[in-house]
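Sequence order for the protein chains is E and F. To convert, note that position 795 of the first sequence is 795 in UniProt numbering; the numbers rise steadily by one, no gaps. To convert, note that position 674 of the second sequence is 674 in UniProt numbering; the numbers rise steadily by one, no gaps.
Keep in mind that the hints were calculated from the coordinates and are not lab data. Incorrect hints may appear among the rest.
Okay, derived cross-link-like pairs now, PhoX-like style, lysine-lysine, Cα gap no bigger than 25 Å in a straight line [to be verified]:
1) F/89 with F/40
2) F/643 with E/267
3) E/421 with F/643
4) E/450 with F/450
5) E/643 with F/267
6) E/443 with F/76
7) F/443 with F/469
8) F/421 with E/643
9) E/643 with F/443
10) F/499 with F/519
11) F/469 with F/483
12) E/450 with F/443
13) F/643 with E/443
Some chain F residues near chain E, calculated using beta-carbon distances under 8 Å [stated by the list, open to error]:
14) 63
15) 64
16) 132
By construction, the Cβ of each residue, glycine as well, lies at the ideal position given by its N, Cα and C atoms.
2 protein chains.
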Amino acid sequence: MESPLASLLWRSLRVYQVFGANTDVGKTVFATLLGRTARKLWRDEAVTYLKPVSTGPAHEADHCHINRFVPGVAYKTLFQYDIPVSPHKAALASGKPVPSEDALLAKCREYAADCNARRGKGWLFLETAGGVHSPSVSGRTQADLYIPLRIPTVLIGDSRLGGISQTISAFESLLLRGYQVESILLFENARYENHRYLSDYFQEHHRVPVTSAAEPPRKSDDARLDAEAMAEYYDRTGCRETAGSVLEHLRRRHSERIASLESLPEKAHRHIWYPFTQQSLLGPADIMAIDSAHGDHFQTLIPQAATEDAASGKSLLRSSFDGSASWWTQGLGHSNPRLTLAAASAAGRYGHVMFAGAVHEPAMELAETLLQTMGNPRLSRVFYSDNGSTGNEVALKMGLRAARLRYGPDDEQQLGILGLKGGYHGDTLGAMDCAEPCLFNDKVEWYDGKGYWFDYPTVLCSNGEWSVKIDGGGLRAELGDAKRFRSLDEIFDMEAREKRGEHQPYEKHIVDILDRLHKQGRRFGALILEPIVIGAGGMALVDPLFQRTLVNVVRRSTRLFSASSGAASPPPTTGPHDWAGLPVIFDEVFTGLYRLGRRTPSSFLGVHPDISVHAKLLTGGLVPLCATLASESIFDVFSSPDKTDALLHGHSYTAHPVGCQVALESVRAMQAMERRGDWDWAKNQGWTGAGRQEGDNLSEGVWSVWPRDFVESLSRRSQRVDGVWALGSVLAIHLRDGAGTGYSSNAAAGLREALGRGRDEPGVRGPWNVHARVLGNVLYLMTSQTTTESSIRQLTELVEESLAT
Amino acid sequence: MESPLASLLWRSLRVYQVFGANTDVGKTVFATLLGRTARKLWRDEAVTYLKPVSTGPAHEADHCHINRFVPGVAYKTLFQYDIPVSPHKAALASGKPVPSEDALLAKCREYAADCNARRGKGWLFLETAGGVHSPSVSGRTQADLYIPLRIPTVLIGDSRLGGISQTISAFESLLLRGYQVESILLFENARYENHRYLSDYFQEHHRVPVTSAAEPPRKSDDARLDAEAMAEYYDRTGCRETAGSVLEHLRRRHSERIASLESLPEKAHRHIWYPFTQQSLLGPADIMAIDSAHGDHFQTLIPQAATEDAASGKSLLRSSFDGSASWWTQGLGHSNPRLTLAAASAAGRYGHVMFAGAVHEPAMELAETLLQTMGNPRLSRVFYSDNGSTGNEVALKMGLRAARLRYGPDDEQQLGILGLKGGYHGDTLGAMDCAEPCLFNDKVEWYDGKGYWFDYPTVLCSNGEWSVKIDGGGLRAELGDAKRFRSLDEIFDMEAREKRGEHQPYEKHIVDILDRLHKQGRRFGALILEPIVIGAGGMALVDPLFQRTLVNVVRRSTRLFSASSGAASPPPTTGPHDWAGLPVIFDEVFTGLYRLGRRTPSSFLGVHPDISVHAKLLTGGLVPLCATLASESIFDVFSSPDKTDALLHGHSYTAHPVGCQVALESVRAMQAMERRGDWDWAKNQGWTGAGRQEGDNLSEGVWSVWPRDFVESLSRRSQRVDGVWALGSVLAIHLRDGAGTGYSSNAAAGLREALGRGRDEPGVRGPWNVHARVLGNVLYLMTSQTTTESSIRQLTELVEESLAT
């Protein structure tokens, strides 16, 4: 279910979903009891039932039963199959086309929206079939299928022998999919007394009320007698009181849910201190209240709805495409049950266990999987920490020590790093010190940038043409103007470009600078790069040939990284995987693990780092974890008989099993997608092979989920657009800005707002928009690795429209 | 279940647990089929069944059935109740004492160990009753009860209508409690074909094999005919082949589990880069392989068992008390289902959602809960990050900017921090720079400590006497020798001590130093303290009166923290909660949230920080999360129309919903424990009120889970022990070390090794030891907040014994 779909929340219509802990536990009887009592208590409120899928003529009995006993009711079945088997079998056997999950959910919403619009205040009960995990028509279980609707749940417990277990397990299956079970109802069975046990259990463990009602009369063969007995049952004082109290509770919870959501922005405005946010510019109305998230979409509160008259009946929620992939973290979609279960299984097996001198399976398997995934023969060691910034600090400590020892004990010059202008490696102070002075660190008291940062050529598609642009003043003077290419693919075909000698001016430029720095007596401890894309520093696609050349030059210039300023000292390396020149650190936090379409960005560059840092997508977008991978030659530097020579770094939750297990599941899932060719549709959008000669290996090309035509078409809107690039799941639109570029620019704000207005398709999918983040004059959109072709189509249409306004 | 108990893993005995997806799904038939087939396939292997609890005469049928059809079987029922109702009801109704959970599990282990010793190679099937969550005798559900045994599971699926849902939900309830389901078995029902669906489902989602067998013959009234039919059924080719393949799979998985565990240390030795560890001193044999963890205990592989002959029959696992509370993180015990479910519910509702300018319920509720929990009227803002180190950097950035702006735009002197010698605030470079030069940072290339660090008096019980010791050379000259007190409580009674004027020499000492620093032109940006205990810097209990005095002096010495070196400038504060002098940061990462027995360590000191940092126990010991709390007066410093004035810090997973939800559950659980008086047994161990006058408010006293007598008795072992202190869940034993104290000391290693040898109680609870960490000459033990009195008794005995050797 990847199309946008607003969840089912309105102010006056209370929508509840009825799940059963098992088949035949009394869903219909309880639903009838609730509906009939509601009609009696609040005569002006409508009661409606929606049965998405019904199978078998037997099921018409539910329909008839409710129609008979709930006065003035409306009852709708969306898909009816006469064969009395499970929906997934019935749908197949019917010979009719099986409705897609997307269509089924959209029809549910459409009916509910219609019900809200036409019938106003009241109740809508969505009745599921069988147990929580009984398969629906597509074969997906109901608990998985209905997640996007985010309907609060009434769970009908099982009062029979074994029913305690069934009820708790069903509850847990719902809970771990984000369902809010508001009420548990079950019959009173005098022999098993499940209701007594469950009442205590759910009060203690989940603070969910359990309500019991007398068992209904036994079915009689005489339909008339049966009907009379049931009518008497539904009106019996005890039953009505029970139902009344449950309904009161559900009314209250409905109001509380809305009140809580609506209070969030104001409360946040008062008590949250936001990251990277000037809060004097952020009013409560600017704060997005997120109700939940599924796949690529948040469900967010529509601000204006909050203050409108309830009678307007507008949807309170809208589906917001998570256009920043939640700060570049999402890979497998929000609230993916697979990742939830991975997290839960590790939490259940270990909780967290301390890692110094200890080992557990998730940490070990992840370490092995990562080393193997990178395909980098240099890497043999994995160090865990909690986020990209700490992981980069770990990398830095590794690199600096290695270099320091090679400069020798007599050299006391401070070591800096070599990096790229605009490179950014995190917000902790050590990571900040790896960035050149800029707006991000200008007002950070202890910032003390240490290093030299190179200018570099960037890649952009402008006016429909791909070129490598050379902006940096000095660089331009040396290297000349922009260079045009037929395609992005041609730019990435570095062997061909090297054959043409395009790397030579880069090489000369780099060597000249290193030589000058060496003559000045400067010392460096590491080359640290974000491979391919400078992320936080402005979403710049760096000419990969420049990065490749930089790494190659640094590695062979041992002379320029030695304390003896004179003659070249022999490189003290012994093996082919030892570091040379400087330790090369790739900060792959953003660009690694399929973000750019490949497992590793170094495979584009054809060079391997000595240390690489992985976070964000590492856990598929669920919990923080970072892995810093290093070569044995770096590791050995810290080895000595003295324990204080160790790398004295480590966080309390280092290698926490939950994070490791989730990461393992994520990396494996993404690898399986790659093997299965899940991204073939994207690769087939004009990217790969463009500009190549026949006979080249096309599988090695570049590609993006954003169609090439779309990118090139955007780039032709030259009044607003300076240039565009796309790679893997990333699209970066560089907008024109008279007042200059950079973090303080506002050029992209207009486009961001237009995307934020989105579209409203009332009655069908409900309101929908795109939540995008900007970096100065750049608006970027980033999908997860599971985003579908049809989602991309909707997004590209909206972007085109928004740019046109 | 908090007593040590080694999980059930031996090399030759394969123990499997049989859980049912529901009652009456065929557990006994499948168990019989497996046992009977095993006997036929491997005649030299024993087959044993263990039924921990059986109710009703009906259940004797299972017993009889298995005895009849599995030749040479041994069958044991531990607790038999004749009343045919659920065990929790039957046990109560029996009038006999209800066995404790602890006793029940210990008996299971005892039987299994005996079976392993006497019968050797073969199978032990532990049969549960009813469904996975059916309650056992204590009322706890079986899925929760049997966690500590860590037995791999065979789940019998439900082949009836609704059985798909039942089977998946039951599986999920097991999975989130850390059970490894190795095989799912169910009958082939031609009408529902659940086995087909489930087979695909579990292959795709969990890679667990589903095996089906023909339904057994219908029960006949003629017992003889019935027996013949069942015998024929069990021997039918299809059934036997099915059972044979399942058994082969279970044999393989048993071997693989052991092989995987045994390979972990070697693999880790090759590929893991450990935090804070000199790996040249760490052989594979020194690496602890953790199979799982529950409550206060790890299950760890016993290294020597790995290489011994299988015939020795020794337990492969032992129960290891997590004596460092997994680097000070554990509060609610490992693999606590409550925390797992909290994590899963947030993962299911949101996954992770980006937080800049957005808000979600878990983050907001946690923020409000924390602000309220601290009871600090200064605090109004919550900033989230991922660990204590990053949270301290955030605090530091906050404090430094606030101070810088108050020094004024013309002042360009670098700001340092005021701290305590040995204070340690994390491993990222900015946090490191808050620590004085020491072994932790000596070889960190970019370390650049900025500040002044005070000496301080410490508290220790030596030779049975409590005193405040003044070690620091300069400090001693000024303040004199150690001061004796009747109790720890008296030391913490600061009002009485201030009445006696004990703070005056501290005050004079501090003012003199600040005055001198001010005259030297030094500038400071924050006072940063670990309140009460210096943690990583050596587990020193600081005289609280010194810390209190330090905060008070800094706050009223605005003159000493201004750029104008001359006359006192008026304090630019306006409200009672504004910061004055310097922003005061309490790094409560270690000492906060009940670690020392109270919600906050500042309540001991009677002073409130302007900024406080919380991690570790914040999430009860499950996943990384940090919250930095700040006052509005600090927050306002960053408010301006310029977005670059914002606090430009933020990690990708900032305020990740999983962490926030887990923290919310943890903090609430600990608050509930406090309200319920769960720690009254500990408060009643001679701590609180000792040394106080009558009429004092005893509830304000200090206390520890470690008995006062025990602490004072340890302190009298003066040949080995320099002194001891205990507070809340922490016990610190400072050992004598001829070669000096500090991180490089080895004095505590001997005690650590003795605790690591632990005890072996074969046949009952199995081998048990204590995993302790040392900091130089200090061995500390730290419990969770749920550790029981009886655990403490076992630990104190072992410590006494170990010190005596």
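Now for the hints, and whether the structure bears them out:
For a cut-off of 25 Å, the pair hint linking residue 89 of chain F to residue 40 of chain F is broken: about 39 Å separates their Cα positions. For the hint linking residue 643 of chain F to residue 267 of chain E, the alpha-carbon distance of about 22 Å falls within 25 Å, and the restraint holds. Proposed proximity of residue 421 of chain E and residue 643 of chain F is supported: the alpha carbons are some 21 Å apart, at most 25 Å. Using a Cα cut-off of 25 Å, the hinted pair residue 450 of chain E and residue 450 of chain F holds, with the two alpha carbons roughly 17 Å apart.
About 22 Å separates the Cα atoms of residue 643 of chain E and residue 267 of chain F, which keeps this hinted pair within 25 Å; it holds. Of the supplied pair hints, the one linking residue 443 of chain E and residue 76 of chain F is violated, its CA atoms being roughly 73 Å apart against a limit of 25 Å. Of the supplied pair hints, the one linking residue 443 of chain F and residue 469 of chain F is violated, its CA atoms being roughly 31 Å apart against a limit of 25 Å. Distance check on the hinted pair: residue 421 of chain F and residue 643 of chain E sit about 21 Å apart at the alpha-carbon level, within 25 Å; holds.
Restraint check: the Cα-Cα separation between residue 643 of chain E and residue 443 of chain F comes to about 11 Å, which is no more than 25 Å; the hinted pair holds. Straight-line distance between C-alpha atoms of residue 499 of chain F and residue 519 of chain F comes to about 32 Å, which puts the hinted pair past the 25 Å bound. Taken as a hint, the residue 469 of chain F and residue 483 of chain F pair is honoured in the structure, with Cα atoms around 7 Å apart against an allowance of 25 Å. A threshold of 25 Å between alpha carbons decides the hint, and for residue 450 of chain E with residue 443 of chain F the separation of about 18 Å falls inside it, so the pair holds.
Taken as a hint, the residue 643 of chain F and residue 443 of chain E pair is honoured in the structure, with Cα atoms around 11 Å apart against an allowance of 25 Å. For the restraint placing residue 63 of chain F at the interface with chain E, the shortest Cβ-Cβ distance is roughly 19 Å, beyond the 8 Å limit, so the hint is violated. The restraint placing residue 64 of chain F at the interface with chain E is violated, with a minimum CB-CB distance near 21 Å, outside the 8 Å limit. Because the beta carbon of residue 132 of chain F sits about 6 Å from the nearest beta carbon in chain E, less than 8 Å, this interface hint is met.
Checked against the numbered hints above, the structure violates hints 1, 6, 7, 10, 14 and 15; every other hint is satisfied.
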